[in-house]
Structure formats: C-alpha cells, structure tokens
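Student: All chains should be built: construct the whole structure from the sequences, respecting the hints.
Heads up: the protein sequence lines correspond to chains R, D and X, in order. The numbering used here applies: residue 95 is where the first sequence begins, and numbers increase by one. The numbering used here applies: residue 164 is where the second sequence begins, and numbers increase by one. The numbering used here applies: residue 21 is where the third sequence begins, and numbers increase by one.
In case anyone wonders, no lab produced these hints; they're calculated from the structure. What you are looking at is a predicted structure, and each value in this text was computed from that prediction instead of being measured. Hints should not be assumed to be uniformly reliable.
[Said to hold, decoys possible] Footprint (simulated), chain R over chain D, 3 or more residues, beta carbon under 8 angstroms:
{"no.": "1", "segment": "192-205"}
{"no.": "2", "segment": "213-221"}
{"no.": "3", "segment": "227-241"}
[As the list claims (entries may be wrong)] Derived BS3-like pairs (lysine-lysine); straight-line CA-CA distance at most 27 angstroms:
{"no.": "4", "chain 1": "X", "residue 1": "Lys-183", "chain 2": "D", "residue 2": "Lys-254"}
{"no.": "5", "chain 1": "X", "residue 1": "Lys-183", "chain 2": "D", "residue 2": "Lys-190"}
{"no.": "6", "chain 1": "R", "residue 1": "Lys-180", "chain 2": "R", "residue 2": "Lys-240"}
{"no.": "7", "chain 1": "D", "residue 1": "Lys-190", "chain 2": "R", "residue 2": "Lys-180"}
{"no.": "8", "chain 1": "R", "residue 1": "Lys-240", "chain 2": "R", "residue 2": "Lys-170"}
{"no.": "9", "chain 1": "R", "residue 1": "Lys-170", "chain 2": "R", "residue 2": "Lys-180"}
{"no.": "10", "chain 1": "D", "residue 1": "Lys-254", "chain 2": "D", "residue 2": "Lys-190"}
{"no.": "11", "chain 1": "R", "residue 1": "Lys-166", "chain 2": "R", "residue 2": "Lys-180"}
{"no.": "12", "chain 1": "D", "residue 1": "Lys-190", "chain 2": "R", "residue 2": "Lys-240"}
Cβ atoms here follow ideal geometry from the backbone N, Cα and C, with glycine treated the same way.
One letter stands for each residue in the lines below.
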Amino acid sequence: MLQFLENIFGPSWIVSLIAFLISTTVILIVTPVTFMMMTWFERRIVARMQDRLGPNRVGPAGLLQAVADGVKMFTKENITPRAADKWVHLIAPLVATGPVIFLFAVIPWGYGLSPVDINVSVLFVIAVSSISAVGLMMGGWGSNNKFALLGAMRAVAQMVSYEIPAVIALLSMVLFTGTMNLNKYTELQGGLPILGNTLKDVIPDLGLGWFVFTPIGLVGFMIFFICILSEGERTPFDIPEADSEIVAGYMTEYSGMKFAVFYMGQFLFNYALSMVASIIFLGGWNFPGIPQLISIAPPIGALASAVVLGAKAWFLFFVMIWLRGAFPRLRMDQLMAFAWKFLLPLALINILSAALWLTIMLWCTGDCTQNPWVFTVGGINPLGWLGNSPVLRQLVGFVLTAIINAGAFFWLLNVNRRPAGETPADLARDQAFGTASLP
Amino acid sequence: MNILIMVIFVVLAAFTLAAGVMVVTVKNIIHAALWLIASFFSVAAMYLLMEAEFIAIVQVLVYVGAISILVLFAIMLTRHVTGEGVRQLYKRWWIALIVAAALFGVLIVPTVFNYEWAVQPSGAQISIASTVEIGTAFMREYLLPFEVASVLLLVALIGAIVIAFEERSTRRRVLTLAEEVEQRRQRNESLRLAPTTHASETSE
Amino acid sequence: MPDIQIPSIDLGVSLQLLIIFGGAMVLLLADLFSGEGNKRIVGYIALLFVVGAAAAGVPYWDAPRSTFNGMLVLDNFALTLNWIFLLSTAITILISLEYLPRQGIERGEYYALLLFALGGMMLLAQGTDLIVLFLGLELLSITLYVLAGFAYPRLSSEEAAMKYLLIGAFAAGFLVFGIALLYGATGTSSLAGIANKLGSGLAADDVAFMLAGAALVIIGFGYKISMAPFHMWTPDVYEGSPTPVAAFMSVGTKGAGFAALARLLLVALGSQYATWGLILAILAAVTMVIGNVSAVAQTNVKRMLAYSSIGHAGYILMGVLSAGSPAAANRGIEGFLFYLLAYSLTNLGAFAVLIALEQRGEAAWSLDDFAGLWHRQPFLAIAMALCMFSLAGVPPTAGFWGKFYVFTAAWEAGLQWLAVVGVITSAIAAFFYLRIIVQMFMRDPVREISPSLDRNLMIGVGLAALGVIVFGISPTPVIDLVQGSVLALSR
Numbered sequence: 095m096l097q098f099l100e101n102i103f104g105p106s107w108i109v110s111l112i113a114f115l116i117s118t119t120v121i122l123i124v125t126p127v128t129f130m131m132m133t134w135f136e137r138r139i140v141a142r143m144q145d146r147l148g149p150n151r152v153g154p155a156g157l158l159q160a161v162a163d164g165v166k167m168f169t170k171e172n173i174t175p176r177a178a179d180k181w182v183h184l185i186a187p188l189v190a191t192g193p194v195i196f197l198f199a200v201i202p203w204g205y206g207l208s209p210v211d212i213n214v215s216v217l218f219v220i221a222v223s224s225i226s227a228v229g230l231m232m233g234g235w236g237s238n239n240k241f242a243l244l245g246a247m248r249a250v251a252q253m254v255s256y257e258i259p260a261v262i263a264l265l266s267m268v269l270f271t272g273t274m275n276l277n278k279y280t281e282l283q284g285g286l287p288i289l290g291n292t293l294k295d296v297i298p299d300l301g302l303g304w305f306v307f308t309p310i311g312l313v314g315f316m317i318f319f320i321c322i323l324s325e326g327e328r329t330p331f332d333i334p335e336a337d338s339e340i341v342a343g344y345m346t347e348y349s350g351m352k353f354a355v356f357y358m359g360q361f362l363f364n365y366a367l368s369m370v371a372s373i374i375f376l377g378g379w380n381f382p383g384i385p386q387l388i389s390i391a392p393p394i395g396a397l398a399s400a401v402v403l404g405a406k407a408w409f410l411f412f413v414m415i416w417l418r419g420a421f422p423r424l425r426m427d428q429l430m431a432f433a434w435k436f437l438l439p440l441a442l443i444n445i446l447s448a449a450l451w452l453t454i455m456l457w458c459t460g461d462c463t464q465n466p467w468v469f470t471v472g473g474i475n476p477l478g479w480l481g482n483s484p485v486l487r488q489l490v491g492f493v494l495t496a497i498i499n500a501g502a503f504f505w506l507l508n509v510n511r512r513p514a515g516e517t518p519a520d521l522a523r524d525q526a527f528g529t530a531s532l533p
Numbered sequence: 164m165n166i167l168i169m170v171i172f173v174v175l176a177a178f179t180l181a182a183g184v185m186v187v188t189v190k191n192i193i194h195a196a197l198w199l200i201a202s203f204f205s206v207a208a209m210y211l212l213m214e215a216e217f218i219a220i221v222q223v224l225v226y227v228g229a230i231s232i233l234v235l236f237a238i239m240l241t242r243h244v245t246g247e248g249v250r251q252l253y254k255r256w257w258i259a260l261i262v263a264a265a266l267f268g269v270l271i272v273p274t275v276f277n278y279e280w281a282v283q284p285s286g287a288q289i290s291i292a293s294t295v296e297i298g299t300a301f302m303r304e305y306l307l308p309f310e311v312a313s314v315l316l317l318v319a320l321i322g323a324i325v326i327a328f329e330e331r332s333t334r335r336r337v338l339t340l341a342e343e344v345e346q347r348r349q350r351n352e353s354l355r356l357a358p359t360t361h362a363s364e365t366s367e
Numbered sequence: 021m022p023d024i025q026i027p028s029i030d031l032g033v034s035l036q037l038l039i040i041f042g043g044a045m046v047l048l049l050a051d052l053f054s055g056e057g058n059k060r061i062v063g064y065i066a067l068l069f070v071v072g073a074a075a076a077g078v079p080y081w082d083a084p085r086s087t088f089n090g091m092l093v094l095d096n097f098a099l100t101l102n103w104i105f106l107l108s109t110a111i112t113i114l115i116s117l118e119y120l121p122r123q124g125i126e127r128g129e130y131y132a133l134l135l136f137a138l139g140g141m142m143l144l145a146q147g148t149d150l151i152v153l154f155l156g157l158e159l160l161s162i163t164l165y166v167l168a169g170f171a172y173p174r175l176s177s178e179e180a181a182m183k184y185l186l187i188g189a190f191a192a193g194f195l196v197f198g199i200a201l202l203y204g205a206t207g208t209s210s211l212a213g214i215a216n217k218l219g220s221g222l223a224a225d226d227v228a229f230m231l232a233g234a235a236l237v238i239i240g241f242g243y244k245i246s247m248a249p250f251h252m253w254t255p256d257v258y259e260g261s262p263t264p265v266a267a268f269m270s271v272g273t274k275g276a277g278f279a280a281l282a283r284l285l286l287v288a289l290g291s292q293y294a295t296w297g298l299i300l301a302i303l304a305a306v307t308m309v310i311g312n313v314s315a316v317a318q319t320n321v322k323r324m325l326a327y328s329s330i331g332h333a334g335y336i337l338m339g340v341l342s343a344g345s346p347a348a349a350n351r352g353i354e355g356f357l358f359y360l361l362a363y364s365l366t367n368l369g370a371f372a373v374l375i376a377l378e379q380r381g382e383a384a385w386s387l388d389d390f391a392g393l394w395h396r397q398p399f400l401a402i403a404m405a406l407c408m409f410s411l412a413g414v415p416p417t418a419g420f421w422g423k424f425y426v427f428t429a430a431w432e433a434g435l436q437w438l439a440v441v442g443v444i445t446s447a448i449a450a451f452f453y454l455r456i457i458v459q460m461f462m463r464d465p466v467r468e469i470s471p472s473l474d475r476n477l478m479i480g481v482g483l484a485a486l487g488v489i490v491f492g493i494s495p496t497p498v499i500d501l502v503q504g505s506v507l508a509l510s511r
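Tutor: Rendered as structure tokens:
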C-alpha cells in the first residue's frame, strides 16, 4: 500500500505530510462546527429549562443562529485597549485555544478513527490541557485591567487546584487498566456490567462492561466530571468570569473575534474532556450491538461507533447545561475547600482501591510461581481460595472496593459537612465582630 | 522522511535558540517568562520529533504546565516588578560572556573533533524511553532514588506549609468599613497628640 | 501487564534510614494529636527514634554490605558517620526542647524536619551513587532552608532562610551540572563505576568533561561545607537562624557534605588525586586562614562561631584530602572521622551555652555578655571553657586529638606546608577562643543577664562537654572506632 502510494506521490515524506495535512484539516473543520452546535444547543436547552423558547428564528429551529453569531463576531470592532500589552493581548486567545484543539489530535473519535495514535495519550491530554492556563494568564495580564487580572488569577488557581484530583482520578484508571492509550480503553470495557470481559467465552460481547459500573470507575468518573466542570469554568465553578463580581474575568477587554476564540476554546475544552470521560469511564463506543457490527462490517461499525461516542459526549455536555440551569455559583473559598478537602482525599483513596482491585485480580494467578505475583505469606497463598476464576476474583474485588469507596465517600462527606471556617465558634465570633470568614 | 524532519528540526532549533536569547535580553520580566515558556515548548516539540513521546509530554506537563505557571504567578504577585523594565545586562556582562564561551568551548570542541559523526542508525528498532521501560527502571535500577525522591517531595510539601501557614487565630482579620474608619480616626488623633507613637502602628 | 520484577533488597542496610524516615512521619501524626503548647512530647518521641536508629546499627558493625543495586552501602565508615550524625541530632533535640517555647516558635513540625534532615545526612554518608548523593543533599538542604526560617516573624531569620535558599539553589545547580558532565564522561552514575571507567582510561574528548564535572561537583559540595571561596553565606545564615538550627547546621551539613565529598573524591576520583590534591590543599589553606583571621575581628559570639566553623572546615578538608594520597590513606580518614566527632560535640556544646544565654526578644551574643559567667553559672562557664579549649585544640580535650590526627595525616601525605599553615592558624584561633574564657573567668558582669538553664539543656550541654573531656583524656575507644572504619572504604 505504501509502495503504491509512493509510486503515485513520490517520496514517503510527502505522503506522510499529506496524510497529516488531511487529518489536521478535518480536525480544524469539525471542531469549530462542533462549537457552533454547542452554543445553539446550550441556549436552547437553558431556554427550555427556564420555560422560554431560545433562538428559533434563524434557520430550522434556530439551528443557524450560531452562523449569524459568527458573522456578528467577525464584523464587530476589534478593540485593543491603549494601555494593553499589544502582542500578549493578541496572542493570548491563541495560546488558550490552540492546546484545546491539540487535544482532538489524540482522542479517538470512533473505532479506528484516531488522528494520531500515541501510546501515552492519557498523559498527553493531561499535559496539553494544562497549557491553556498560560493563555488565560496572558489574557488577564496583557489586558492591563484589574478585573481581567483578577479573573485570570482565579481561573488559573482554580485550574491548577482541580487538575490534581482530575489527574489522580485518571491515574487510578491507568493503574486499573495498565495502559495510557485511549484506544485501548474501549476494548477493555466490553462484556457485561460489573463482570466485564470475564465471561466472554459464555456470553456474547454486549459492550456494557463500562468502568463507571465498577466502584473505582464510578468514584473516578464523579471526580473527573466535577473537575471538568471546574477546568472548563462551567457553572457551579464559573467564578473566573462571574459577571456580578469581576465583569467577565480575563475576557473583560476582549471583543469581536478574539473574544470568540476564547469562547470557542472554553466550549471545545468541555467537549474534549467530555469525550475523554466517555472513553475512559463510559465505555467509549461500546454499546450492545456495536462490537458485532464492527466485526461484521468495519466501515459501518466505525461510523456507528463514532455516533455512539459522540452521543455519550453530548450527553455529558447536556448534563453540564443542566447543572448550569440548576445551580448557583460557589464562593472562592468553598471552591478551594471542595477540591482540597473532599475531592483530593477521595481520589487518593480511590487510587488505593484500584491497587487493591489489581492485587485481587493478579495475586498468584496461574501456578503461583510466575513473577511478579509470587509472594506468599508464610508459604500460604492468602488468595488461594479464589482459584483462577476471573469472575470470582472480579466479584470479590467489586465488593471490597465498593465497601472501601462508599465508606470513604460518606466519611469525607461527614467530615466536610460544615464548610471550612464556619464552625459554630467561628460563626459566633464573626457575628460578634461583623467580619466575614473569607480568607 | 528525512528532509521533512530536518526542516522541522532546523525551524524548532532556531526558534528555541531565539526564544532563549529573548529570555535574557527582553526588558519586561513577564515577556521574559513568556519567552521561557515558548522555549520549553519547542524543546518538547523536539523530543516529540525524536519519537520520545513520554519525555516530550512530561516536559510539557512539568515545565509548561506547572513551573511556568508558578513563575508567572510569582511575578504577578510581586507587583512592583511587573511590567517594569528590568535591567538584564550589567556593566561587566562581556566578562561573563567570555568566561561562559570559553567554558562552553572547552567542553564542546573536543567532542566536535573526536566524535564519530557519520553514525548510521542501526536497523533494530530502539524505542527511546517508553513508559514501560521508565517504570521498570524506577522499580529496579533506580528504586532507591525513586523512593528518596518521594521523601524529598514530602519534605518540600511540609516545608512549604510550615513557612506559609498562618494559624487562624493569628490571621489578620478583615476589617469592616466602619472599623477601618474608626481606626483611621484614632490614628489621626494619636498623630495629632503625639507624632512619635505612630511608628509602631504602621507595621503590616 | 508487563512483568516488573522487584529486585531483592537487603532492608538491613537501610534499616536506620527507614527508622528515621518512618519516625519523622510518626512525628507528624503525633504533632497532630498532641495539644497546643505542649509539643515537647513530640521532641521526646523524636529522641526515642534517634536512639532506636543508633541501636539498630550495632549488629551491622564489621559486616559491610550494599543493596539497591549498589546505590546504598552500610560499611563501618558509613556506620560511624551515622552514629556521629545521630548523636548530633540527639543533642540538637535536647537543646531545642525548651528553646522553642521560650522563643514562641514551638511547632511540632520542627522535630519531624530535624529527622528528615538527619535522614538526608545519613543518605549522604551511605550513598554510593551520584543520584542518591544529590537527593540526599537536597533533602538536607530543603529541610534546612525551612528550619533556618523557622522563627519567621523575626526578620533576621527570614533573611537567613532567604540567603541560604538562594545560595543553596545556586550550589545545587553547580552540583547537578557537574553530575551530568561526570555521567556524560563515564556513562555511569555509580561511584565505583566511575572509578572503574577512570581506571581503564577515558577517551580524549571525555577527559575535559570529567575534569569540568569533577570541578563543578566539588564547587557544589564546597558551598555546603563552606569551603573558602564559597563561604560568604555562613556567618549571616548562622546568625539569623534559630540557635539550635545554627548548631545543627554547623555540624550537620558540614559533616554530611564532607562524608559525601570524601566518598566521591576517594572512591570515584581516587585515581585523579594528582589533579585535585593540590587544588584542594590550597583551598583548605585559604579556608583555614580566612575563617580564623575573620573570627578574630568578631565581637558577636554567634558570628565568631560561624567564622570559626569555616576555619574548622579547612582542618576537616585537610584530613579528607590527605586520605587521597596513598601514603596517608588510612590516617586521613581516621583524622577526618575523629575530627568530625570532636568538632560536632564541641560546637554543639558551645551553641548550647549560647542558647542558655539567649533571652526572648533579645540575643545575648555579645562578648560582654559572657563577662563574669563563672560567678553566676559555674556549670555553663566550665562547659563553655571546655568547648573553647577543644576548639582551640588544647591538649586534654578531644579537639586536640582531632587536630593532631589531621596534621600528622597531612604531614604523612607529603603536605608539610599545609600542616604548618594549620598549626599557625590554630595559634591565631587560640586568641579569640581564649578571649571568651578570659571574659568568663576574670571580668565582672557588665549587665544583668539571667541565663535560663533547664534540665534538658543541662543534659545537652553536659553530654557535649563530657564527650569533649572524656574523649580527650582517653581517646582509645574512639581511635579504635575510627580505625575500624577506614578498612571498609574499599578502593
């Protein structure tokens, strides 16, 4: 095949260059369209929740509203404040949005549809998503506006704080599966709920062994999803652009297309991370029937898998909109306390449960002489009674980790029931002095 | 493939060097930090070009994602240096230049002349630093440094908390407007009465 | 799931380290559950762990072994150093127990950090790999940055921490760069591996790398042991830090830095003695002269002790570098260990007396404050006099034997001129040490100071002074100890 291509196009570097250009172009076309769809979707859904209609004039059901907005953005005046740092102000939206589009390069869109297949794509997602913080910082500082700077500081502090539980939640899944390749997560999540692939010889692959049905995956998914909300500045966590406090945060001084680019970066970030969450926790493109379809007719299967994965990601995005319609904004200290005092310990306990699960699955499997799982306690294999049946081991692991994770969840909930700085004594003192308990 | 890689490499190398020069010559300290980030990033791209994916990603994660954010935060929180011109070169900068160039020359010249440059890549597929190999190395050859590094990080964490933590009881209370006005009034009165007693009050 | 074979590890080699690190973590928890204003209990637990770690080393005497792929050894050399470090830490804990509450800076993390620093020191003594040495040094340094700033509302303490941090980061940069070059030249980070590689000869282009790397590593360690051109930070940092921390720093960093430097120079770069021997000898001479001459001009006793510690770094360096010469290989190591022990005890004792004189809010560090101490606190005066005699190297004290050892080592190594410089600078040093003794015994008190001498401090001072005099009168056990320790430094 490569030889054939070479005969047509010339040396191999031209072939690879063209291949890369094609996939780049596809990504660069698909992502903005996705963004436009998302804005329309969000406005319609929120309108529905607030008992009004939302945009419904431009095109069928208002579907072309996003296009009209785009034209408006293009034709608006492009303002750069005179005291701003011109270059930093100009580049900031690109630095904030560029990495988000990078993310789509490693995310598999469906079966066999990953633009670049690298071995450490989970790590890539974590690393690249942290770059856009630099862009926000540049935007906030370059605008030379105190609200912008405050917004940028808030945004970055929030991103950095919530990145830690998010990374640990992903890490527990990496430990659980033993791979950092997003492409491999889907095939690991076939089979039945809870039991996974362990009975694949008996029952056909139903494509329902999603990790969200295991205790580790459930807790990991919850943590990761909350962190997505925060990193993408979705509503309970949209403090950086809280318009009642600091105008529009780091975007205060942006107008026209530069503003649109920032906005696009934010929406696409949400979408990309929703997609990652669907792949890692919600079974990727697994769904009853899809594995069979892929094995019978790969092209149709690939298309169907892309639709399934897209549906899952859009569902997560719908949940985000739902939350926006339902919840008020948090306070800054509540936000930080939630990340550091609830999510982080829970994520750490989750990673320990993942290690326990792994131990139960692997300890002395086979003849118990093979590395690395040959440890015995006083010559007795403490998990010998489980035998070599993966089903039994999976069930035992499920029960144990479920107990641990549920216990940790309720314990942390109990410990954190009263927000930091609001113990009765503190409240009494604050009342006496008329002081706020804000740090 | 070679020509393409060569071109990309030359562009990246030139950009890295240019960004590095900008870091030490540009007057605005925030701009210097931003150029530093740019050079970190292009170094990561160069790792990627050498197919060391893991190291490239770790470079981005550690340097671009963590260290540079920290640098930016630190600069922005010390407000009086932000945005002002900082003198980067001092009077005797040329002495430093000569010393640095001489040391670099001493190290690089013998290598340039003695190294076998025309090495052909061996046919065998060498995977550079895949995650599995790095993990294995951490668990075997470098187990002790790995463990000690964790202790080191713990100590750094504790140290940071010890230095930065303020007990709630000693924390400065946020004053209400009325209290501030009252305080200011009292201070003015005491100023009028005895100008010398005021010094102790202005401590932060 | 790929197979990851966990290598077989001899945990006995790292037993002392494990006790110390584990102890530090237990202390953090103990701190959490101990009441406010009663953190002494944490200190007592720390003492318990230190004693436990010292006892844990006993079975390993004369049974050298290594583990973690040869990155960690426990030979007699390391064991002796570990004991010296444990002793220093124990005395430091004793003298801080009452000092911290008196200064209003009592927090439980102090003891945990001390133990972490101790772990770093022990890693430096036991490590035989450049990476481990670097990590140990960083562990020690980071802990000390925090401890130097432990009294942080006090400006001088903040200043000390800041200076130490900047200089320390700078030094770490040198060290890392040097390690990288050494690795580039030899392709290994293990000390024995480097020695092998150097023994079999390097390619021409690697020699420059090796030399530059060795120089940078020596500079990096030179900062930590406050060797002459890199000593500027010492007086400021010692003066600003809380006094027990300064005491700990003056013996701890120095001892650990020297331990690692000795292993690096003698094991890895032993074949290059011709290159570094003379350079280090000159630096040692400069260090002794600068340290002792500057100390003469000081009226602040804490600064004086800081300068004198620079001078002593020169003497210790003399022992280390003499060991590089085949003629004095054993003598040099013995001298280094003996001197380190004597110096640690003496310096801790002297700083402990300073602590007794230090009041809250003001520091009694002026020479005048020592006037007439004999009439008010004979115990303190005698202890201080013993320490001063020992630092000066007057015969019936441990300091004398230490000096004797290193001078003969230098003489045997063919560095007669260096020994002469050492004797002359010792004579200069005697002037300012004896000045304090004169103040204490022959003057009347200038101003009223009530030294606070509690039980723990008394034990600390007494232990140090007792060691100084006992090891001075009958040095045989220590000599046996250090003579047993050189054998294991295999070359």
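Student: Against the structure shown, which of the earlier numbered hints fail to hold, in ascending order?
Tutor: Violated hints: none; all satisfied.
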